[in-house]
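Engineer: Chain A is fixed; fit chain B with the ligands onto it per the hints.
There are 2 protein chains.
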Amino acid sequence: MKAIVQTTEGDPAALELQEVPKPTLQPGEVLVKVAASGVNRADLTQAEGNYPPPKGASDILGLECAGEIADAGDTNREVGEKVGALLVGGGYAEYVAVPEGQLLPIPEGFSFAETAAVIETACTVWSNIVMEVGLSKGETILIHGGGGGIGLMAIQIAKAIGATVAVTAGSAEKLEVCKSYGADILINYKEQDFAEELKNQCDVILDIVGGPYLKKNMFALAKGGRMITIGLQGGNKAEINMGVMMMKDISLHGTTLRRRSPEVKAEIVRQTVKNVWPMLEDGRVKNHIHETLPLADAAKALNHLVESSHTGKVVLVQ
Amino acid sequence: MKAIVQTTEGDPAALELQEVPKPTLQPGEVLVKVAASGVNRADLTQAEGNYPPPKGASDILGLECAGEIADAGDTNREVGEKVGALLVGGGYAEYVAVPEGQLLPIPEGFSFAETAAVIETACTVWSNIVMEVGLSKGETILIHGGGGGIGLMAIQIAKAIGATVAVTAGSAEKLEVCKSYGADILINYKEQDFAEELKNQCDVILDIVGGPYLKKNMFALAKGGRMITIGLQGGNKAEINMGVMMMKDISLHGTTLRRRSPEVKAEIVRQTVKNVWPMLEDGRVKNHIHETLPLADAAKALNHLVESSHTGKVVLVQ
Ligand SMILES: NC(=O)c1ccc[n+]([C@@H]2O[C@H](COP(=O)([O-])OP(=O)(O)OC[C@H]3O[C@@H](n4cnc5c(N)ncnc54)[C@H](OP(=O)(O)O)[C@@H]3O)[C@@H](O)[C@H]2O)c1
Ligand SMILES: NC(=O)c1ccc[n+]([C@@H]2O[C@H](COP(=O)([O-])OP(=O)(O)OC[C@H]3O[C@@H](n4cnc5c(N)ncnc54)[C@H](OP(=O)(O)O)[C@@H]3O)[C@@H](O)[C@H]2O)c1
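Protein chains in written order, with the working numbering: chain A, -4 to 313; chain B, -4 to 313.
Chain A with its partners taken away, still in its complex shape (with noise of 0.2 angstroms):
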């Protein structure tokens, strides 16, 4: 089959559609053909050389997929269905294997595309602000990077749960798509701070920057507050206060979808798809694709994560 084969290691500019050998199904597995992949920061990060696959997983790129059941191995699913899958790996290619438990229906009214550009920030965004966190009505959350695949989904479905949303972005241009989702409160993070705009107001904080942001996240969170951390995109070190931590009742969360088991994924698939594809079903949640480009062009997507100069999803196709 054909797929994303990485020439030369550590640079996501090196990256070439070449030959290789057809993945092999494990016992609960299906082989998806896969027709769309969504773009997801991780890939750039491990094609950078800093995200190793966990152990077992395929060292081609790629987190999610949307395509068709070409091998249904020893599950009862149909060899033919239209299927969205959340990968640990390899999406980036013509078949990829999945355990049964991370394959997806297609939301109705959606294209393979559509399908590929919502499956990881949706199962990512609703597993980390409901079920880590338990964002509830009348709450205020602050997500950072309001304007990524991550943070225009977020934006979504926190106001579809009846939260308060303050973003940060670090462009008026990314601010305004992020007004038009949803959010209400915009901060620009190169010209205010966000810290003391929102000191003591947030019962939850979405965190993709760590350690530089820990000491503003607690100074913003209210009593009672959550803060989950899901990238690290400014460094994993921090100096911490715990005597904040007690004084305020807040909790520090972190995850990590791709290295959870194949049964907390699955548990997770399923509480997405009941709680999320009905959001997409009925226009509560939007897809935000920034650009479609073919498989071969995967360079290309990736170059828009480096340069910050996208919005919402990349997707490549095939």
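I should point out that these hints are in silico values taken from the structure, not numbers from a laboratory.
It is possible that part of the hints are untrue.
Intra- or inter-copy, both count: the list cannot distinguish identical chains.
[Stated by the list, open to error] Derived PhoX-like pairs (lysine-lysine); straight-line CA-CA distance at most 25 angstroms: (1) 243 x 211; (2) 232 x 194; (3) 211 x 232; (4) 50 x 194; (5) 132 x 194; (6) 243 x 50; (7) 243 x 132; (8) 243 x 194; (9) 281 x 77; (10) 50 x 218; (11) 210 x 243; (12) 28 x 77; (13) 17 x 28; (14) 210 x 232.
Just so it is clear, the structure is predicted and the values come from calculations on it, not from any experiment.
Structural biologist: Frame of chain A, contents of chain B with the ligands only:
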């Protein structure tokens, strides 16, 4: 009325029984004539000048008591009713004003002294290991300071829930007491490295040490583990590696019972009475009173905590 007054600021030995004004009742409060007061490490920290009472609270020491209602204020309580009370302060006195939501019944068969010895620890342990981080059957919990007031209560509640219990303490004698209350894994922190012993094994950690233990605690946490910090006996600052939080899907929590709102306190009291009082009444959770002293000997009582010469609780009676 008589109450313990500090005659030299910052000196926990300078405590005298003196005449002071009786508290006046706020709406929703009752006046309790104190028969017994529990001694907590927070009393010592406050007497040392390091833990100022929250705004509006009495500056008399004492976070829990048992006695009789002397004035029901605007509530429907009866004068003469025997009660326990969770206090924001003021327990080392003849009378104390208590919001009705912070009253607890006397567990069947318990004396005033026995009641005063369990309120703060039961409410703290239940609200943290169950309400905050959801310890459940079959999980492993590490309890730091197993031989203290909080420690012995936590061991027994965790065993009643069906957890495996590991404890740290600084002497073989304290570890023996922990064992007699149900602890399964005994670690002398002066001789052993708890993090090596329990690497990746703890679903929950009840932490009272803070900064110096953070890295080790994170090492000891299992995937999906939760740490709840309620004391900072070693200090409040630490370096944190947020990458570890993400890779292990862990969460770090901090709370202070004393600084929670009256509404939250009332809910904690309600849940503690519902869940822990039956354990006290059927013997699953037992009192361990190290010494009972007259109220006038408050300084002597606090000195046990200075020297850590006690196991379990010290109680002051009138
Ligand atoms: N742990 C998990 O399970 C998991 C799952 C999925 C994604 N993630 C992580 O989530 C993050 C977002 O992923 P993504 O795919 O949505 O990437 P993305 O599309 O590149 O979005 C990231 C956004 O963050 C903004 N940003 C960068 N630095 C910022 C700062 N200091 N403050 C505020 N915003 C900042 C960027 O735009 P501007 O700077 O131009 O505003 C960009 O819009 C990544 O770190 C990714 O690794 C984690
Ligand atoms: N946040 C809240 O809401 C809340 C409520 C109640 C209590 N607390 C806190 O909880 C802690 C315990 O309170 P307590 O009243 O039970 O005090 P305690 O009776 O003095 O117990 C503390 C125990 O910790 C042990 N210890 C000291 N350093 C240790 C270390 N490095 N590693 C392991 N054990 C160590 C001590 O014994 P050895 O060192 O001799 O073994 C002692 O048995 C205190 O910090 C208190 O302030 C917090």
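Engineer: Are the hints correct? Go through all of them and say.
Structural biologist: Verification of the hints:
For a Cα distance limit of 25 angstroms, the shortest separation of residue 243 from residue 211 qualifies both inside one copy, at 14 angstroms, and across copies, at 23 angstroms. Proximity of residue 232 to residue 194 under the C-alpha cut-off of 25 angstroms is found in both arrangements, the shortest distances being 23 angstroms within a copy and 21 angstroms between copies. Taking the closest pair of Cα atoms, residue 211 and residue 232 come within 25 angstroms of each other both inside a single copy (14 angstroms) and across two copies (16 angstroms). Taking CA atoms no more than 25 angstroms apart as the test, residue 50 paired with residue 194 passes between copies only; the shortest distance there is 20 angstroms, against 41 angstroms inside one copy.
Proximity of residue 132 and residue 194 under a CA criterion of 25 angstroms is satisfied intra-copy only: 20 angstroms inside one chain copy versus 38 angstroms between copies. Taking the shortest Cα distances, residue 243 and residue 50 sit within 25 angstroms of each other only across copies (15 angstroms), while inside one copy they are farther apart (39 angstroms). Taking CA atoms no more than 25 angstroms apart as the test, residue 243 paired with residue 132 passes inside one copy only; the shortest distance there is 21 angstroms, against 29 angstroms between copies. In the homo-oligomer, the alpha carbons of residue 243 and residue 194 lie at most 25 angstroms apart inside one protomer (12 angstroms), although the nearest pairing across protomers, at 29 angstroms, exceeds that limit.
Proximity of residue 281 to residue 77 under the C-alpha cut-off of 25 angstroms is restricted to the intra-copy arrangement: shortest distance 21 angstroms within a copy versus 60 angstroms between copies. For the homomeric pair residue 50 and residue 218, the shortest alpha-carbon distance between copies (16 angstroms) is at most 25 angstroms, but the shortest distance inside one copy (39 angstroms) is not. In this homomeric assembly, residue 210 and residue 243 come within 25 angstroms of each other (Cα to Cα) both inside a single copy, at 13 angstroms, and across copies, at 22 angstroms. Only within a single protomer do residue 28 and residue 77 lie at most 25 angstroms apart by alpha-carbon distance; the minimum there is 10 angstroms, versus 73 angstroms between protomers.
For the homomeric pair residue 17 and residue 28, the shortest alpha-carbon distance inside one copy (11 angstroms) is at most 25 angstroms, but the shortest distance between copies (79 angstroms) is not. Proximity of residue 210 to residue 232 under the C-alpha cut-off of 25 angstroms is found in both arrangements, the shortest distances being 11 angstroms within a copy and 12 angstroms between copies.
In this structure, every one of the numbered hints holds.
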